[in-house]
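*Asks:* Next come the chains, spelled out residue by residue.
2 protein chains.
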Amino acid sequence: MPLCVDLSSFKHTLRALKLIMTSFNKGSMKTFRLLVSLDEALQLIYGRIRQVEKAEEVDLDDAVGRVSAEDVKAPFNVPFFDRSAMDGYCVRAEDVYGASQFNPVRLRVVDMIGVDEEPRRPVGAGECIQVATGSIIPEGGDAVVMYEYTERIGEEILVYRPAYPGENISKKGSDIPCGREVVKKGDYINASKIGVLAALGKARVRVYEKPRVLIIPTGSELAKVGDNKSAMQIYDINSHTLAAVVKGNGGIPVLHEIVPDDEKEVEKALQKGVESNLIVITGGSSVGTKDIIYDVLRKRGEVLFHGVQVKPGKPTVGAVFEDRVVLAMPGHPTSCLSNAYLFLRPVLRRIARLPDTGLKTVKARLSRRVVSTLGRRFFLTVRLRNGEAEPVFKESSAITSMAEADGYVVIPENADTVEKGDWVEVYLFE
Amino acid sequence: MPLCVDLSSFKHTLRALKLIMTSFNKGSMKTFRLLVSLDEALQLIYGRIRQVEKAEEVDLDDAVGRVSAEDVKAPFNVPFFDRSAMDGYCVRAEDVYGASQFNPVRLRVVDMIGVDEEPRRPVGAGECIQVATGSIIPEGGDAVVMYEYTERIGEEILVYRPAYPGENISKKGSDIPCGREVVKKGDYINASKIGVLAALGKARVRVYEKPRVLIIPTGSELAKVGDNKSAMQIYDINSHTLAAVVKGNGGIPVLHEIVPDDEKEVEKALQKGVESNLIVITGGSSVGTKDIIYDVLRKRGEVLFHGVQVKPGKPTVGAVFEDRVVLAMPGHPTSCLSNAYLFLRPVLRRIARLPDTGLKTVKARLSRRVVSTLGRRFFLTVRLRNGEAEPVFKESSAITSMAEADGYVVIPENADTVEKGDWVEVYLFE
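Protein chains in written order, with our numbering: chain A, 1 to 430; chain B, 1 to 430.
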């Protein structure tokens, strides 16, 4: 059998090889070379972030959702005295050990202590003192019998149930002993922590400042929302979706004006980031001729990665500029929002010292078969309808891919198809 | 066998019966008679709430987390023109049908269109025009080949892959056709809705006003946080935990000053509620002698229920006063916070027109056996440690029952015990 060589094919194979080599060696095409996984990308960023250090003092009611920048110790015992935990009668427990529904014990009511009064006399044998929830327990008394188990007859009561010593009494310091550390530096302040701070009378709380996030929209085609746009322009969407995610995760969004596709302008914008804790750039992170963000970051800063194995959102750059982490997001609105949930949210929360809680999830069945891309983690936007997850992903440039979505489903790198009816976990947008 | 009657027992049985009858007839003891279930209680309230009607206009970036009070229709097509979805070369698809890695097609590059430029000439046969993502598609062109599949040689390119008509082109109006309703009245505005509003250039959004929630703390023993308290007093905790929950669920907390246990004073405070959408009272909802809230609500308003089959939080009153729903919570901090999550949160969200999303949950194994009370739904506060749910509930008066908790576990009415190691669902505090 003769060896048959198609010289034309051979020539093109060489050319194709040369093309690949060129892009590797000169970087002229800036093709994505070494895509990192999402986890690798996050680890690279985490290694370089600086958590907020500055603190500020805020009113107690403004401290909810913030992170404590101080250790708070109880300056007094809670309760301050032994107090009644119920409305009823303070008794000597031993007097009523034998009480029952059919053999009640009769006690004399010798006083009544309001919640804001000091006891005037002790509880003697055969006696009781009426108390309210919170009343101070008088000398001699060691249990409180609830009204429900008593009957009042003039100046006496019948007790229909026994009580053990200490019953319905909150001992001094039993809740919070004096000196106990109730809130630690770094603790997230939720409603219940607000409660314990209130119990200690703390009207002002030192909390960490909210991180400032500079958002830089780039693209000569962009128009500012609120301005009249020309037919050629499109409105800047990403600044606003990013601002929403920043606000929802403990940060203060600082919106930069729109920056044209020009290296000098991008660099000038980046310089303003030194007043912020984190910089996010959108647009211009891909490999087109006008994609200059990567170049600027490479020249002026340090690139941690360029290209992540996710879909959408592959052309993402992680970098450091003047000691600040920079996230450069693709300009496509859906890629950018997906990136905001995958990168910006966890990174910002870590900078803000907020707990690393993920998005809320629900389980649902997929309404139709979905074909994914092997080797990239696919974030498929879905809408929830009748307990089914209905894919709404059109293309990453489409706004409706996200606007109609309730959340997204993650299809792993090693899955190429998810079948109709398969159970998926839907991450709900905030 | 002789009939044996213990007259003493008989006498007391009669007395016990009389006691029950008395409390039923005269209501003098105000014992809880007909406890309703949590679901019944919520339904009774839902039947009487009035959702916010007033709207206000806010900046786009302030609209996140709010509810739209208007239908928003697209005033133009998105995209406005046929646009390129990729960086690459706009071609006539039929020119490259035969292209492959080994048989590339050669095309002449006749122009380049920036994202902010109008096309200057059409794409002729054998020609292509360089485009960026977002560039307007010129006449004659009907596909965009990505850079990755081309090689530039001077004024020509080699195309290494075929393209189908329409490939990498976002058709005019394909994302949002002009006139399409993108946000409906009543829609919750999350980050992705912000995105679609931005795409339409909407700088101001009409949203429903946040409901105002008047919080009335009652109790003569209470001291205001920030003031110096006497030894007899305890700090007002509940106003602040309630305010935190109100803030976290789309409401504006309005803190009333502390009201002493006096019917006239409580009534005066309630009157101020007519400027609010919801009234929450804490303290004084139990059956003690000083528990006057129920009396005031019964006389001046309409009581929907008094007593709910939950633990803690049984002595809760639902009422209507001057057309406003009133929730009267027990004074114990843990009961009050538990109530805030069970009642206040869903009721407020409904008034605010916010989606009825529950708390975030995680599954964990119980770290020890827990004995509950049959007939009452038990909200057991727990802390998460090493994947285990560790009960921290001390008593409902204890602040640490909640301050040390990450969330709560619900033990149903018909369970009296949950064993160590059982899987439970933990509702995480916000």
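Among the hints, erroneous ones may be present.
Copies of one chain are not kept apart here, so a pair can be met inside one copy or by any two copies together.
[As the list claims (entries may be wrong)] With a straight-line Cα cutoff of 30 angstroms, these simulated DSSO-like cross-link-like pairs (lysine-lysine) come out:
| no. | residue 1 | residue 2 |
| --- | --- | --- |
| 1 | K264 | K184 |
| 2 | K360 | K299 |
| 3 | K185 | K420 |
| 4 | K268 | K184 |
| 5 | K172 | K311 |
| 6 | K311 | K247 |
Keep in mind the hints are simulated off the structure, nothing from the lab.
Quantities reported herein were computed from a predicted structural model and do not represent experimental measurements.
*Asks:* The structure should be examined with respect to each hint, and the outcome stated for every one.
*Replies:* To see whether the hints hold, each was checked on the structure:
When the C-alpha separation of K264 and K184 is checked against a cutoff of 30 angstroms, the pair qualifies neither within a copy, at 45 angstroms, nor between copies, at 42 angstroms. Taking the shortest alpha-carbon separations for K360 and K299, neither the intra-copy value of 39 angstroms nor the inter-copy value of 44 angstroms comes in at or below 30 angstroms. Taking the shortest Cα distances, K185 and K420 never come within 30 angstroms of each other, neither inside one copy (48 angstroms) nor across copies (32 angstroms). Taking the closest pair of Cα atoms, K268 and K184 never come within 30 angstroms of each other, the shortest separation being 40 angstroms inside a single copy and 40 angstroms across copies.
In this assembly of identical chains, K172 and K311 lie within 30 angstroms of each other by CA distance solely across copies; the values are 24 angstroms between and 59 angstroms within a copy. With identical chains, the CA atoms of K311 and K247 are at most 30 angstroms apart within one copy only, with a shortest distance of 25 angstroms there and 36 angstroms across copies.
This entry does not satisfy hints 1, 2, 3 and 4, going by the numbered hints stated previously.
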